[in-house]
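Undergrad: Spelled out from the first residue to the last, the chains are:
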Amino acid sequence: MAAVCVYPDMVEVAAPLLAGTGIKVASVATAFPSGRAALDVKLADVKSAVAAGADEVDMVIDRGAFLSGRYGAVYDEIVAVRAACSGAHLKVILETGELGTLDNVRRASWLAMLAGADFIKTSTGKVAPAATLPVTLVMLEAVRDWRVATGGTAGEATAGEGTAGEGTAGGQMVGVKPAGGIRTTKDAIRFIVTVHETAGDDWLSARYFRIGASSLLNDLLMQRDRMATGRYSGADYVTVD
Amino acid sequence: MSELTVASEAGRIAVRKTYKLYIGGAFPRSESGRSYMVSDYSGGFLANAALASRKDARDAVVAARKAFPGWSGATAYNRGQVLYRVAELLEGRRAQFATEVRMATGASPARAATEVDAAIDRWVWYAGWADKIAQVRGSANPVAGPYFNFSVPEPCGVVAVLAPQDSALLGLVSVIAPAVVSGNTCVVVASERRPLPAVTLAEVLATSDVPGGVVNVLTGAVAEISPWLASHMDVNAIDVTGAPGALADDMAVAAAGNLKRVVRLPAGDWEAEPGIERMTSYLETKTVWHPLGN
Amino acid sequence: MRFEYAPAPESRSVVTLRDSYGLFIGGQFVSGSSVFKTISPATEEVLAEVTQAGPEDVDRAVAAARHAYERTWSVMGGRERGKYLFRIARLIQERSRELAVLETLDNGKPIRESRDVDIPLAAAHFFYHAGWADKLSYAGFGPSPRPLGVAGQVIPWNFPLLMLAWKIAPALACGNTVVLKPAETTPLTALLFAEICQQAELPPGVVNIVTGDGATGHALVAHPGIDKVAFTGSTEVGKEIARICAVSGQRVTLELGGKAANIVFDDAPLDQAVEGIINGIFFNQGHVCCAGSRLLVQESVADELLTALKRRMERLRLGDPLDKNTDVGAVNSQAQLERIEAFAATGAEEGAERWSARCPLPDRGFWFPPTVFTGVSQAHRIAQEEIFGPVLSVLTFRTPDEAIVKANNTPYGLSAGVWSEKGSLILSMASRLRAGVVWANTFNRFDPASPFGGYKESGFGREGGRHGLEAYLDIHGTSVLGGSDV
Numbered sequence: 001m002a003a004v005c006v007y008p009d010m011v012e013v014a015a016p017l018l019a020g021t022g023i024k025v026a027s028v029a030t031a032f033p034s035g036r037a038a039l040d041v042k043l044a045d046v047k048s049a050v051a052a053g054a055d056e057v058d059m060v061i062d063r064g065a066f067l068s069g070r071y072g073a074v075y076d077e078i079v080a081v082r083a084a085c086s087g088a089h090l091k092v093i094l095e096t097g098e099l100g101t102l103d104n105v106r107r108a109s110w111l112a113m114l115a116g117a118d119f120i121k122t123s124t125g126k127v128a129p130a131a132t133l134p135v136t137l138v139m140l141e142a143v144r145d146w147r148v149a150t151g152g153t154a155g156e157a158t159a160g161e162g163t164a165g166e167g168t169a170g171g172q173m174v175g176v177k178p179a180g181g182i183r184t185t186k187d188a189i190r191f192i193v194t195v196h197e198t199a200g201d202d203w204l205s206a207r208y209f210r211i212g213a214s215s216l217l218n219d220l221l222m223q224r225d226r227m228a229t230g231r232y233s234g235a236d237y238v239t240v241d
Numbered sequence: 001m002s003e004l005t006v007a008s009e010a011g012r013i014a015v016r017k018t019y020k021l022y023i024g025g026a027f028p029r030s031e032s033g034r035s036y037m038v039s040d041y042s043g044g045f046l047a048n049a050a051l052a053s054r055k056d057a058r059d060a061v062v063a064a065r066k067a068f069p070g071w072s073g074a075t076a077y078n079r080g081q082v083l084y085r086v087a088e089l090l091e092g093r094r095a096q097f098a099t100e101v102r103m104a105t106g107a108s109p110a111r112a113a114t115e116v117d118a119a120i121d122r123w124v125w126y127a128g129w130a131d132k133i134a135q136v137r138g139s140a141n142p143v144a145g146p147y148f149n150f151s152v153p154e155p156c157g158v159v160a161v162l163a164p165q166d167s168a169l170l171g172l173v174s175v176i177a178p179a180v181v182s183g184n185t186c187v188v189v190a191s192e193r194r195p196l197p198a199v200t201l202a203e204v205l206a207t208s209d210v211p212g213g214v215v216n217v218l219t220g221a222v223a224e225i226s227p228w229l230a231s232h233m234d235v236n237a238i239d240v241t242g243a244p245g246a247l248a249d250d251m252a253v254a255a256a257g258n259l260k261r262v263v264r265l266p267a268g269d270w271e272a273e274p275g276i277e278r279m280t281s282y283l284e285t286k287t288v289w290h291p292l293g294n
Numbered sequence: 001m002r003f004e005y006a007p008a009p010e011s012r013s014v015v016t017l018r019d020s021y022g023l024f025i026g027g028q029f030v031s032g033s034s035v036f037k038t039i040s041p042a043t044e045e046v047l048a049e050v051t052q053a054g055p056e057d058v059d060r061a062v063a064a065a066r067h068a069y070e071r072t073w074s075v076m077g078g079r080e081r082g083k084y085l086f087r088i089a090r091l092i093q094e095r096s097r098e099l100a101v102l103e104t105l106d107n108g109k110p111i112r113e114s115r116d117v118d119i120p121l122a123a124a125h126f127f128y129h130a131g132w133a134d135k136l137s138y139a140g141f142g143p144s145p146r147p148l149g150v151a152g153q154v155i156p157w158n159f160p161l162l163m164l165a166w167k168i169a170p171a172l173a174c175g176n177t178v179v180l181k182p183a184e185t186t187p188l189t190a191l192l193f194a195e196i197c198q199q200a201e202l203p204p205g206v207v208n209i210v211t212g213d214g215a216t217g218h219a220l221v222a223h224p225g226i227d228k229v230a231f232t233g234s235t236e237v238g239k240e241i242a243r244i245c246a247v248s249g250q251r252v253t254l255e256l257g258g259k260a261a262n263i264v265f266d267d268a269p270l271d272q273a274v275e276g277i278i279n280g281i282f283f284n285q286g287h288v289c290c291a292g293s294r295l296l297v298q299e300s301v302a303d304e305l306l307t308a309l310k311r312r313m314e315r316l317r318l319g320d321p322l323d324k325n326t327d328v329g330a331v332n333s334q335a336q337l338e339r340i341e342a343f344a345a346t347g348a349e350e351g352a353e354r355w356s357a358r359c360p361l362p363d364r365g366f367w368f369p370p371t372v373f374t375g376v377s378q379a380h381r382i383a384q385e386e387i388f389g390p391v392l393s394v395l396t397f398r399t400p401d402e403a404i405v406k407a408n409n410t411p412y413g414l415s416a417g418v419w420s421e422k423g424s425l426i427l428s429m430a431s432r433l434r435a436g437v438v439w440a441n442t443f444n445r446f447d448p449a450s451p452f453g454g455y456k457e458s459g460f461g462r463e464g465g466r467h468g469l470e471a472y473l474d475i476h477g478t479s480v481l482g483g484s485d486v
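Residue numbers (the working numbering), protein chains in the order written: chain V, 1 to 241; chain F, 1 to 294; chain A, 1 to 486.
Pulled out of the complex, with its shape left as it was, chain V reads as follows:
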C-alpha cells in the first residue's frame, strides 16, 4: 500500500497511526470533490492538511473553468496550490468522468503537468464513470510524451526511483493514478498491462503508478485463495474492513 487517502480533518488522526510504516498520508483538498469554493478557501484547505502532516495533497481541477475554455484559470489555480503544498506531493484530479472527450483528458493532463503536478489522477470516485481504461491510456500517453518533451527518450529505462520528476537527463516523469471502479484483480491487471505497454516499465512502481481502489483488495485475496486451494472463494472468507 502506497498511501492512505483521507479528508483534511482526518490527517491529524491518520498521521500518527502511519508514522514509521512507510505508508504516506494523502489528503484530498481544494473543496473535494466538487472543487467549488473560492481560491483562498481552497488554499487554506491545502495548507491545513499539509500542516497536519499530509505527505501528499490530492486537488481537484475546476472543471467548470476547464469546460468553458478558461484554461489559464485552471493552470493558475494548480500553480497556486502547488505553492501552498510546500514540500508535499501534488496529485491533480482531472475528474475525467466530467470532461466529456478523450481530447479533453489529454488537454487537462498536459495542463496539469505544465503547472507542476507530480501525479495526474483520473477521478474523485464520486462521479461515474471513474477510471476507465481508455482514459487511463490517454493519460499514460500524456506522461510518456511529457517525459520526451522535457528531455527524455520514450521507452528509456534510465530514470530510476528517486531520480525522475526532477528534470533529470531522463526527462520528467509524472505519475498516473486511475481511481474508482477498479474492483477486480482482472481489472487491475488490464491497467498494469496498459502501463507496461504505453508508458513503459519505469512507471511500474508506487512512485509513478497507483490504483485507487478500496474494494480491490478482497478480490485479490479471493484470487490468491483460489490459486492456493484450487477452488473459488467467497465473500464470507474475506473481511469487510
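Hints may be right or wrong, so weigh each one.
Selected chain F positions facing chain V (Cβ under 7 Å, derived; list incomplete) [claimed, not checked]: (1) Asn48; (2) Arg58; (3) His232; (4) Leu265; (5) Asp269.
It should be emphasised that the hints constitute simulated quantities derived from the structure, not laboratory data. Glycine included, every Cβ here is placed at the ideal spot set by N, Cα and C.
Mind docking chains F and A on chain V? Use the hints.
TA: Frame of chain V, contents of chains F and A only:
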C-alpha cells in the same frame, strides 16, 4: 433433419435459434468460446449448445449471489406471483416445448405434451407454496420462561443444481422451482445430452418477471463444471441429482469444504407429486427469542 | 469497610467416584484394553480412570445398539418408549445435585450453572422428547415416520450432560438406539447417566457409552454399522465428518462453531445490555459455540457501555467452581487454556487493546480472567476465529446496515444478539442476520422446545423442538445430507 431445423413451409429456409447460456439475466455464449453438438434421440443434428467452462460457472455464482438479497427479500406473495407468471408464459409456448422434448427423447407427441403440461402444473404447484411453506415449517415455541419464541424458515442462499439427465423439462422444473420458491437463487447445470429445453426455459424465465440472476442456466459437460460448483465457497447448497453415482459422491465430499447442504434425493418419478423435502432441503430454520414483560 | 464473601462451597459428598470406569455396552459396564485419567481442571486432581475405547470396543457397542434396535426398541410402541424417557427425566431430576457436582468437578464450570442450567435443561430435554415418542405421526413428517437405526453421536466437553441429552433424547424418542462418545476431558456425567439408564431398566443396548479420544470418535462415525451421525464440536472436525458421511451415505447433523455478533443499539437499556453481554461471553467461561464473542456497539454509546461493562466485569467472581458464589470457573483443559492465551497474544499483536478484570487467579488449575479487546476491526483474527474462552472482541458501528454487514461477514452463522427498545428495528435485524438463533434483548437462552442450529459453516440440522425430530426420522426412505431441517 429435425423439426427444429427444417422449414415450416415448403421452400422456406428456417431461421434457427442459437442456444446460449443464461447468466445474470443475459444470454452469453461461453466465455471459453466453446460449443458442443446436441443430437436428437436418433442421432440427428439439433444444435450447437454452449459448452460452459469453470469461468462461466463462476460468473453464474456471482450473478446468483448478487440476486439473492433482492429475491429472498421479496415478499412470499410476490415470489408466488412470479412463479405463477412462469407457468403462464410456459403455457403459451406449449407446442415449442413439446417439440423440443420430443426431439430430445423420441417421445410420442402425446407423451411429450403430457410432460410439458406436467411441467407447467409443477410451476403452479410451487407458486402456491411460496406463502405457505413458512407456516408449515415455522412455529411458535412454548419455552419454559417469560419469552416469546418463534421459528421461521429462511432460504439458505445460492444453490447449485445438477439437473436430471433424463427428464429435460419436467425434471428440470422439478429441481429449480423448489430451490427458488423460498428465495434461494440457483445455478443450474442442464441435462448434458438434452440441454435445449433448459435454454428455452431460460427464455421464458427472462420474460416472466424472474429477476436476472435468480436462475442461471449452464449447458455443457456435467463432470467438467460441477466440481467447480461443489467446491465453490460462495455456494450454500448443491443438488447432485444429475451426477452419476461416483461423481455425486465426489461432489458431496467437495461440498464439505464449506459445509454445503447436499441434496441427494432419488430421481424417481418426476410426474408424481413432489412432496416438500426438496423444498425444505434449502431452508434454514431461524429461531428468535424476545423477553416478555413491561 | 472491606466487603468479602465467605466461601460457600457445595458439598462433594453427594458424589461417590469410582476409581475406574468401564465402557457402557449392552447395558453393562465392560472393561477395555487401555485407560486414561480424567482430572478436575480447577485443581488438576485426578478424579478417576476411564476406559479408552478401541475400534473393537466400538464394534461391540454398535453391535449391541443394532441388536437392541432390531429386537427391542424399534418394535416397541412409542408409548412404552416414551415412558422410559419419562423415567430417565425423573431420575435426572432426582439425582440432579449429584450430577451437578460431578459436572462441575469434571468440567470446571461454576456449580451455579451446572445446578441451575445444565442439569435442569438435560432433564427437560428428556421430558419434552418423552412426550413425542407416541405422537410422531402428528409431527408433520408424514403419517408413519420411521426411525433411522443406530445413531453414532459425538459430543463436546462444554455442556457434557446437556449435550448428551440433546443427542440421546430425540434419538430414543424417534425409535433409534445410540452409541455416544462423550468428550475425552468430561466423561463422568455420561457414565453416571449410564447408571441412570440401568436404574430406569432401559433395555440393554439402547444406550451405549464409549469413552475415549478423537480416535474413538473417528472409529464411531466411520463405522459401517451406523445409520446416522450426530456431532457437536469444531467446524474443522465437522467438515471431516461431512466428508466421511458423503461417501458412506450416512445421514448427518452437525452443530459446529460460531462467532456470534451481539449488537447493541444506542437506544438499548444499557445496564440490561451489559448483563446480556456478560452472560453472552462469560457464561461457562465462554466455552459456548453460540457465545456472543463479538460485541458490536453503536459508536454513540460505545464509551458509556464499555465503562459499564468493565465495572460489571470487576464484580465477576472467578475461582472454585464448587463455590455457590462463583461466576467464572476454570478453563476446561490445559490445551484450551493455551489456545485462549495464544488468541489473546494475537489480539494484542494485531493492535487491539486488551483489558482484563483484576481478579486473582488460583495457583493450581487452568484459569483465564474475563477479558475484553477494544479497537478491534473485522480483519483481526480475534474478530474472525472462534476463541472458545472468556474473551470479548469489541467493534463499533454507526448504522443498522453497517451492523448487519459486519455481523454477517463470517463463515459462521450460529447465533446473534440484538439490543434495542425499538420493535421494528429488532425484527428487521432479526430477519437480516444470517444466524440460526437470534436473541433479542436476551442472550444464551435454551429450551427443549426451541430449535437450535446454524447457517453456513456452523453446521446443519436443528436440535430441539419439532424441527429437531427430523434428524432422527426416516421420512420416506430418502436420503438428504444436511438439508437444514433434516
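Undergrad: With a cut-off of 7 Å, does the beta carbon of Asp269/F approach a beta carbon of chain V closely enough for the hint to hold?
TA: violated, 35 Å
Undergrad: May I ask you to test the interface hint for Arg58/F with respect to chain V, counting a Cβ-Cβ separation under 7 Å as satisfied?
TA: holds, 6 Å
Undergrad: At a threshold of 7 Å, is the proposed contact between His232/F and chain V supported by beta-carbon distances?
TA: holds, 4 Å
Undergrad: Can Leu265/F be said to touch chain V, with a Cβ gap under 7 Å?
TA: Violated. Min distance 25 Å.
Undergrad: Can you verify the interface hint for Asn48/F: is its Cβ closer than 7 Å to any Cβ in chain V?
TA: violated, 27 Å
Checked against the numbered hints above, the structure breaks hints 1, 4 and 5 and satisfies the rest.
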